[in-house]
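Given these sequences and hints, build the entire structure.
Letter by letter, the sequence shown follows residues 3 to 294 in the numbering used here.
Derived by calculation from the structure, the hints in this document are not laboratory data. One or more of the hints may lead you astray.
Stated by the list, open to error - Here are the computed lysine-lysine pairs in the DSS-like style, where the Cα-Cα straight-line distance is at most 27 Å:
no. : residue 1 : residue 2
1   : K83       : K175
2   : K175      : K25
3   : K137      : K175
4   : K25       : K137
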Amino acid sequence: MFDQFQSGEVNRAQEAHWCASGKVLNVGIAGHSLGEQFRTLAMLGGSGGEAIRQEFADSEIDARWIVTETPTRVCTTILDKSTGVTTELVEESRTPTEQALADFEAAYTEESQDADIVVLSGSLPTGVPTDFYSKLLERTICRVVLDIRGPELLEALPHRPFLVKPNREELGKTFGRDLSNDDDAIAAVRQTIEMGADWVVLTDGSRPVIIGFDGGLFRAGPPEGLNVVNPIGCGDCLAAGIAVALQGGRTPINAIRFGIGAAIDNVEQLLPARLNRARVEAVARWVTPERI
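Below, the structure is given as structure tokens:
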């Protein structure tokens, strides 16, 4: 975190933190912090992977790791306090070995058999076939929350995932068109439902989300006056919050309200996905979906 970040200059950080993060890890951390029985399944490798494993163990977060020779990537978030701008430096993920992929598929098959709900999240590493998620869905018997995009999403939709949670830019790239206009975004939500999703939650940064299902469309926004600290991981917390609430027996609409509460709590924290359930519940009560 910098008081003022200047490109091309020597910048001294006001604060620096290393923490386990990334889409899958954020979902697991958020689910754990919300008090639900969650198990994270992910590949880990190298010194970064070992640091993640140790942090999860120290925090008593349930996880099953597929140890691989491929080093886990490290990404850097730069927060500029003077502008409120967040910059993300993302290391390109490396291609996992065929053995690691096979081990992951076997572990997923085993874990998903006992699950009430599964969250599949994140872009596939370079070199992994685009039908990877589709193959996982073939062997999944419980409800699935999908936070994926592009060809992976298109190939997964025929398996009728319970809920799909892309952001507006991702869904636009998936369908190859601009969704900056609300009418176009709504049309894309309807198309996603027609292609197989039961529910769609379309996010767009701090703007209201668009919620779609075969019974209609809703719009739901965050309350005003948010203290934005770090937006990284908000979508992951939304997905985790929805899964936690569905697991707890809430209706889809109320689960989405809870998920929005989780995203709002996240944006006001420095480290991603370290949520406070009481705060999430309080914020969720202020989220009021309105029919479109």
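Structure-based check of each hint:
1. Distance hint between K83 and K175 is unfulfilled; the C-alpha atoms sit about 31 Å from each other, more than 27 Å.
2. Between K175 and K25, the direct Cα distance comes to roughly 19 Å. Compliance with the 27 Å bound is thereby established for this hinted pair.
3. For the hint pairing K137 with K175, the CA-to-CA distance comes to about 22 Å; that is within 27 Å, so the pair holds.
4. Annotation: proposed proximity of K25 to K137 holds, straight-line Cα distance about 20 Å (limit 27 Å).
Taken one by one, the earlier hints fail for this structure only at number 1.
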